[in-house]
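So the sequence lines, in the order shown, correspond to chains A and B.
Per my numbering, the very first residue in the first sequence carries number 3; after that it's consecutive.
Per my numbering, the very first residue in the second sequence carries number 2; after that it's consecutive.
Simulated from the structure, these hints should not be mistaken for laboratory data.
C-beta: ideal position from N, C-alpha, C; glycine also.
Keep in mind that a hint or two might mislead.
Distance windows between CB atoms, simulated [as the list claims (entries may be wrong)]:
#1 A/K134 - B/G42: 43 to 51 Å
#2 B/P9 - A/Y9: 18 to 26 Å
#3 A/Y57 - B/K41: 32 to 40 Å
#4 A/T29 - B/G75: 32 to 40 Å
Here are the chains, one letter per residue:
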Amino acid sequence: MINIPEYALPSAAVLILAVAIILFSITERKTYYKRFVTACLAMVTVPLAFILNEYLAYALQTLVLMAVANLSRDYYKAGFFKRKKDLMEIFRHDHPDYREHKQLLYRPLRDIESKERVIEKKLAEIEDVENKLREREFELKEKARELKEKEKEIRQRGGSE
Amino acid sequence: MIIEQSIPIVILIEIMAVFLVIFSLRHLSIARRFESDVDKGIVTWFMAGLILLGMGSMANMVGLFGLHSYLVQGIPFQAFWVLASVAFLVGVVKLRKS
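Go ahead and model the full structure; you've got the sequences and the hints to work with.
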């Protein structure tokens with residue numbers, strides 16, 4: 003066993019968490035997982051209570067972890083419903099073209115992810131074709147320019163003769 | 002008193018703590034998929050902190066049961082509190098920078 007004073011580690015944890023809380027309190031950014039971050043930082047009460055009484059620390063640890071678990075569930079639900087709302091917005095009108103895609107809403111998340119991967123692959127293919135077309139367009143423009151120059155030269159020769 | 006002797010309350014609390022951490026991690030791992038890459042990084046640090054807290058609870062249990070473990074032998078379980086605090090601090094710093 004490493005010889006460390008009994009209250010050194012809890013005190014260090016309290017200090018580090020206190021710095022984190024101060025930094026967090028001056029953070030301007032507001033996100034919806036802020037409550038979750040706050041709950042994590044409330045862990046400061048656990049080592050602090052450990053210095054006073056061991057059992058008090060265990061009680062507080064349970065309370066804080068229950069809060070974290072509850073908020074992580076809220077955070078998960080918020081993300082899920084945000085996504086569902088976005089999808090509902092896309093397929094709000096019952097368009098025949100989108101009817102098949104609308105079914106995605108009622109499928110498990112993994113199906114949606116596999117569809118996303120297929121779409122991403124297709125988009126990459128489209129981008130590839132677009133790049134090829136752009137190159138071809140550039141080549142054709144170059145040829146057109148060369149032909150125009152040749153035409154000009156021929157006209158100039160015809161005029162001088 | 003008999004209950005306390007057969008199953009110490011601390012062990013029950015620590016088992017519950019590990020389950021609560023697993024429960025939280027399960028939801029967070031799904032929720033972070035909907036976030037941007039920056040926010041994913043921030044949530045990952047908080048998840049790391051929670052994992053360390055769970056490991057601290059397990060280390061405490063190993064000590065309470067008087068078991069031998071190559072992973073946590075000689076490490077006081079409070080060391081995981083310090084590591085978890087550092088992970089939370091990194092998460093907050095990243096949140097401020099983003």
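Going through the hints against the structure:
1. Restraint check, A/K134 to B/G42: a C-beta distance of roughly 36 Å breaks the suggested window 43 to 51 Å.
2. At roughly 23 Å, the beta carbons of B/P9 and A/Y9 sit within the given window of 18 to 26 Å.
3. A/Y57 and B/K41 have their C-beta atoms about 38 Å apart, which keeps the hinted 32 to 40 Å range intact.
4. At roughly 37 Å, the beta-carbon separation of A/T29 and B/G75 lies within the given 32 to 40 Å, and the hint holds.
Going down the numbered hints, you'll see the structure goes against just number 1.
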